[in-house]
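Q: Model the placement of chain B on the given structure of chain A, informed by the hints.
Protein chains in written order, with this note's numbering: chain A, 9 to 119; chain B, 1101 to 1215.
Just so you know, these hints were derived from the structure itself, not from any lab. The reader is advised that the hints may include incorrect statements.
Here are some chain A residues pointing at chain B (derived, C-beta under 7 Å) [said to hold, decoys possible]:
{"no.": "1", "residue": "Gly51"}
{"no.": "2", "residue": "Pro52"}
{"no.": "3", "residue": "Tyr54"}
{"no.": "4", "residue": "Lys106"}
{"no.": "5", "residue": "Leu107"}
{"no.": "6", "residue": "Phe109"}
If you anchor each label on the Cβ, the simulated ranges turn out as follows [claimed, not checked]:
{"no.": "7", "chain 1": "B", "residue 1": "Val1112", "chain 2": "A", "residue 2": "Thr13", "range": "32 to 42 Å"}
{"no.": "8", "chain 1": "B", "residue 1": "Asn1171", "chain 2": "A", "residue 2": "Arg24", "range": "42 to 52 Å"}
{"no.": "9", "chain 1": "A", "residue 1": "Asp75", "chain 2": "B", "residue 2": "Val1112", "range": "43 to 53 Å"}
Backbone N, C-alpha and C fix where the C-beta goes; we use that ideal spot for every residue, glycine too.
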Amino acid sequence: DAKTTQPPSMDCAEGRAANLPCNHSTISGNEYVYWYRQIHSQGPQYIIHGLKNNETNEMASLIITEDRKSSTLILPHATLRDTAVYYCIVRNTGANSKLTFGKGITLSVRP
Amino acid sequence: DAGVIQSPRHEVTEMGQEVTLRCKPISGHNSLFWYRQTMMRGLELLIYFNNNVPIDDSGMPEDRFSAKMPNASFSTLKIQPSEPRDSAVYFCASSLMGQGAYGYTFGSGTRLTVV
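So that you can see chain A by itself, here it is in the shape it has in the complex (with noise of 0.2 Å):
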């Protein structure tokens, strides 16, 4: 799978909006971008995923830049239980391919 940067950590007020970046230069044409995160003593949370388009759920919107280098998860309320390491990971869609976390970034909400 291709690797992808991430900045180690960053912070945001409770209620804006953050915005945490990933660099993935190596894509192929055929990866995906997914976003997890963990909470502190949980499993790791899906979040959302995309391809080109960009994409939006109930918990996040995920923009890909039209090259496909680099994309942003974006929270747009942050609360203090957003509180958690986000990992940026690609992948294929093929059988036999796997999810290979990296360190993620650390998002901490302050009050």
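A: Below, chain B alone, put in the same frame as chain A:
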């Protein structure tokens, strides 16, 4: 749906003992994954199964580790003999593979402490 169910939640054992971790995937999912998480190494994929068949066990650290999936609703990860360096949180995840870009659903994990 109860999600991915792992047991036990916590396990404390003495070095040299056999440890068995259990996982029940989401009904209908055809792939199952075992991960290990430590502070030093982060989340590591140990092994995964498609349709109950092991596909890639290259992440299994050594012969002391073994995993089985006797049917679509149950998997075990066994460590024999256990060592203190095996202390970690072990996660099981399941997914529906081969039919599009599906996410994984993770269980709550088993925290293993080997003393």
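Q: Could you run down the list of hints and mark each one as holding or not?
A: Hints, one by one, checked against the model:
no.: 1; hint: Gly51; verdict: holds (3 Å)
no.: 2; hint: Pro52; verdict: holds (5 Å)
no.: 3; hint: Tyr54; verdict: holds (3 Å)
no.: 4; hint: Lys106; verdict: holds (6 Å)
no.: 5; hint: Leu107; verdict: holds (6 Å)
no.: 6; hint: Phe109; verdict: holds (4 Å)
no.: 7; hint: Val1112(B) to Thr13(A): 32 to 42 Å; verdict: holds (38 Å)
no.: 8; hint: Asn1171(B) to Arg24(A): 42 to 52 Å; verdict: holds (48 Å)
no.: 9; hint: Asp75(A) to Val1112(B): 43 to 53 Å; verdict: holds (50 Å)
No hint from the list above goes unmet by this structure.
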